[in-house]
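Protein sequence lines, in the order shown, are assigned to chains A and B. Taking my numbering, the leading residue of the first sequence gets 558, the next gets one more, and so forth. Taking my numbering, the leading residue of the second sequence gets 558, the next gets one more, and so forth.
FYI, nobody ran anything at the bench for these hints, they're computed from the structure. Quick caveat, the model's predicted, so the values are computed rather than measured. Any given hint could be a false lead.
Identical chains blur together in the list; that is why a pair holds if it fits in one copy or across any two.
Claimed, not checked - Subject to a maximum C-alpha distance of 27 Å in a straight line, what follows is the list of computed DSSO-like cross-link-like pairs (lysine-lysine):
| hint | residue 1 | residue 2 |
| --- | --- | --- |
| 1 | Lys648 | Lys582 |
| 2 | Lys721 | Lys746 |
| 3 | Lys583 | Lys697 |
| 4 | Lys582 | Lys889 |
Number of protein chains: 2
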Amino acid sequence: MEYNFSDKIQSVKPSAIKEILKASKKSEFISFVAANPAQEAFPIDEIERICQWVLTENPITALQYSVSEGTKHLNYAIKDYVTAREQNLIKDSDEILVVSGAQQGIDLSAKVLLNEGDYVLTEDPSYIGALNTFRLYNTKILGIPMQQDGVDLDIMENYLKTHKNIKIFYTVPNFQNPTGYTTSYEKRKAIYNLCQKYGIVIIEDNPYGELRFEGEHIPSIKSLDTDGLVIYVGSFSKIIAPGIRVGYVIANKNITQKIGVAKEFSDIHTNVLGQIICEKFLTTCNINLHIAKLQRLYKNKITAMENAIAKFDENNFLSYVKPQGGLFLWCKIPNHIDISEFCKECFNKSIAIVPGFAFQTDEKAECHHIRLNFSTPTNEEIQQGIEKMFKKIEL
Amino acid sequence: MEYNFSDKIQSVKPSAIKEILKASKKSEFISFVAANPAQEAFPIDEIERICQWVLTENPITALQYSVSEGTKHLNYAIKDYVTAREQNLIKDSDEILVVSGAQQGIDLSAKVLLNEGDYVLTEDPSYIGALNTFRLYNTKILGIPMQQDGVDLDIMENYLKTHKNIKIFYTVPNFQNPTGYTTSYEKRKAIYNLCQKYGIVIIEDNPYGELRFEGEHIPSIKSLDTDGLVIYVGSFSKIIAPGIRVGYVIANKNITQKIGVAKEFSDIHTNVLGQIICEKFLTTCNINLHIAKLQRLYKNKITAMENAIAKFDENNFLSYVKPQGGLFLWCKIPNHIDISEFCKECFNKSIAIVPGFAFQTDEKAECHHIRLNFSTPTNEEIQQGIEKMFKKIEL
Numbered sequence: 558m559e560y561n562f563s564d565k566i567q568s569v570k571p572s573a574i575k576e577i578l579k580a581s582k583k584s585e586f587i588s589f590v591a592a593n594p595a596q597e598a599f600p601i602d603e604i605e606r607i608c609q610w611v612l613t614e615n616p617i618t619a620l621q622y623s624v625s626e627g628t629k630h631l632n633y634a635i636k637d638y639v640t641a642r643e644q645n646l647i648k649d650s651d652e653i654l655v656v657s658g659a660q661q662g663i664d665l666s667a668k669v670l671l672n673e674g675d676y677v678l679t680e681d682p683s684y685i686g687a688l689n690t691f692r693l694y695n696t697k698i699l700g701i702p703m704q705q706d707g708v709d710l711d712i713m714e715n716y717l718k719t720h721k722n723i724k725i726f727y728t729v730p731n732f733q734n735p736t737g738y739t740t741s742y743e744k745r746k747a748i749y750n751l752c753q754k755y756g757i758v759i760i761e762d763n764p765y766g767e768l769r770f771e772g773e774h775i776p777s778i779k780s781l782d783t784d785g786l787v788i789y790v791g792s793f794s795k796i797i798a799p800g801i802r803v804g805y806v807i808a809n810k811n812i813t814q815k816i817g818v819a820k821e822f823s824d825i826h827t828n829v830l831g832q833i834i835c836e837k838f839l840t841t842c843n844i845n846l847h848i849a850k851l852q853r854l855y856k857n858k859i860t861a862m863e864n865a866i867a868k869f870d871e872n873n874f875l876s877y878v879k880p881q882g883g884l885f886l887w888c889k890i891p892n893h894i895d896i897s898e899f900c901k902e903c904f905n906k907s908i909a910i911v912p913g914f915a916f917q918t919d920e921k922a923e924c925h926h927i928r929l930n931f932s933t934p935t936n937e938e939i940q941q942g943i944e945k946m947f948k949k950i951e952l
Numbered sequence: 558m559e560y561n562f563s564d565k566i567q568s569v570k571p572s573a574i575k576e577i578l579k580a581s582k583k584s585e586f587i588s589f590v591a592a593n594p595a596q597e598a599f600p601i602d603e604i605e606r607i608c609q610w611v612l613t614e615n616p617i618t619a620l621q622y623s624v625s626e627g628t629k630h631l632n633y634a635i636k637d638y639v640t641a642r643e644q645n646l647i648k649d650s651d652e653i654l655v656v657s658g659a660q661q662g663i664d665l666s667a668k669v670l671l672n673e674g675d676y677v678l679t680e681d682p683s684y685i686g687a688l689n690t691f692r693l694y695n696t697k698i699l700g701i702p703m704q705q706d707g708v709d710l711d712i713m714e715n716y717l718k719t720h721k722n723i724k725i726f727y728t729v730p731n732f733q734n735p736t737g738y739t740t741s742y743e744k745r746k747a748i749y750n751l752c753q754k755y756g757i758v759i760i761e762d763n764p765y766g767e768l769r770f771e772g773e774h775i776p777s778i779k780s781l782d783t784d785g786l787v788i789y790v791g792s793f794s795k796i797i798a799p800g801i802r803v804g805y806v807i808a809n810k811n812i813t814q815k816i817g818v819a820k821e822f823s824d825i826h827t828n829v830l831g832q833i834i835c836e837k838f839l840t841t842c843n844i845n846l847h848i849a850k851l852q853r854l855y856k857n858k859i860t861a862m863e864n865a866i867a868k869f870d871e872n873n874f875l876s877y878v879k880p881q882g883g884l885f886l887w888c889k890i891p892n893h894i895d896i897s898e899f900c901k902e903c904f905n906k907s908i909a910i911v912p913g914f915a916f917q918t919d920e921k922a923e924c925h926h927i928r929l930n931f932s933t934p935t936n937e938e939i940q941q942g943i944e945k946m947f948k949k950i951e952l
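So here's chain A without its partners, still in its complex pose:
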């Protein structure tokens, strides 16, 4: 049979990262590609204890159907956890919706807001998973160049002035994927004001916010949200475990109500065991101590990467702005180097890296960056991988 696939699915392809990940699975490879938490990052004992407890004491609750919006217990635990970090984010429990990972939060936000042909504004480069999610609604993406302190506001406003049907601005304000850049407080306020002026919903995706290992916390855009135009997407993937697929959305209850309906007809509800792991971890374990441990862990890893670069990159081939948190180092390579050739050369030396254009809204636009992940490899692998990268480079 000749399949007549939908226009939307034909507009996206599997992510380049996934392809590189698959190709670099052999054991001799050192990979700077994934965005996985470090092996040491998982609170294994606590999760084991929670699972054992619930499957002994309350198994039916963990195994039976549950409600689309997430369990009440996890809802309350999220409210307390988020409020302890930022006081004014949540007024009411109705503003919280549990989702099957932050990716679903983005997807369902798009589903309830976007008609075909609408425009979405994003940082450029941006998280590839969000870009493709928006493409799957047959929408058009307008990329705003990313600067060290957030998007270029002039270009953002120009888009808002010249394009009708812009519905969403998508941003990762903390330690952005792929650049590691953090949007300054001034720009957060300016972004909020612009979106307020033009009636645009902001999706504030914050998977890495807790992983700040330097500098001071910057209030979220959601904390400025007097008008209810921000959908804040939080995740337990980086602070508890990604395999359990639990995240959450915080938004005006009119929005969470719609997202709840969309969720019911997407996957009915989020897996309950994962929800209980998050709830009990938040309420019976020391989440702040655990996050402090993660911050030390990733600070240690980025330091290992910086040291390796300082040692082996004798000609200052790579340049970068050191991020204050997160999982990525966004490195510029000299303009005269072909980025695909460079990545290929690394691949031939069993080093896997992602070319920056994989994150661009237009993959064919000029690109002189690579993204290096420092959370997944061990410190030894970081050292060896960077050393190999600079051995016998023929430029």
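Once you have looked at the hints, place chain B on chain A.
Then chain B, alone, in the frame of chain A:
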């Protein structure tokens, strides 16, 4: 802010069932509304043992990011399990894709196949979750009246002749929700031939297939699929546990490849702990013995319901065709009775039931049925609920 929600989300509302479920949560209620497995149906000890094993022996695998298509181990386990039940369903592992419950299998199949304005053919009445999923792609649904042995083939062919852009025929051939009817082997062949002739993809949703407590197994439509036009959707919700949200899709690999891409940008992957529970239950426990236990359990429950109806429905107010499996009894009430009034009257007596029109493609069309679920209440609740239902009915 005035939200400008998408057309698609405005076309659906939360399911009526969900509203009735919420309203009937008080302890005095006896509910025939849910489609939950019975409390006794869960293999709790096995699940506890599996979780303990994996979180002790292989925790990182269970907690780290995984692949969109599902773990290789679960893929192989599904292949063996399905093949043991029907030999010719799966040729290659590429034809299997793990999803976050059957609901997601339906949703992602719709996503990769449907453009806005396309038509979907369904049984009428049908599973409300599928109907709303299709509506969320801005498609139009054509309902084919459901008969005791499957859809009316003349009406089906007439639709196929007169409507362009019919892309999908959606069917639950075994113990359908809500009717409990099973499509005969003759009709399965006729349906396949019709869809083959008109180039329509069949979504064969089989959540209840294993729960046959009477009669003989009927080969799936997928087993007839020489041309690769059937997407078979299987579920572990009714045979292991729905809270873990694991199901699977079996289809031509060109389709599963597209669904895999759509899945990556919906929820990245299915929760891994749930996948490991299913894999290990299939490979290290006696799934056939467990299914035989479930068949006895639900046979016992439908018998309790039949006995209660025989005892308390002295005037033969309800009439039904006894299903050979599944979870539902689809009862006709006399034509002169207003169905909403009847459901309301039951509700006032703390009995929750779903009016049949909730499952119709046109909720406003004439309706003389109610759906009674017999899996969720205990045998005592079944007896008491049916007794109450017929007490002091003022007709």
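Within, between, both or neither: how does the pair Lys721, Lys746 come out at a Cα-Cα threshold of 27 Å? Answer is within: at 23 Å inside a copy they meet the 27 Å cutoff, but 51 Å across does not.
Using 27 Å as the alpha carbon limit, work out where Lys583 and Lys697 are close: within a copy, between copies, both or neither. Answer is neither; intra-copy 37 Å and inter-copy 48 Å both fail.
Given a CA cutoff of 27 Å, do Lys648 and Lys582 count as a within-copy pair, a between-copy pair, both, or neither? Answer is between; shortest inter-copy Cα gap is 26 Å, intra-copy 46 Å.
Given a CA cutoff of 27 Å, do Lys582 and Lys889 count as a within-copy pair, a between-copy pair, both, or neither? This pair counts as within: shortest intra-copy Cα distance 26 Å, inter-copy 59 Å.
Comparing the model with each numbered hint stated earlier shows that hint 3 is the single one that does not hold.
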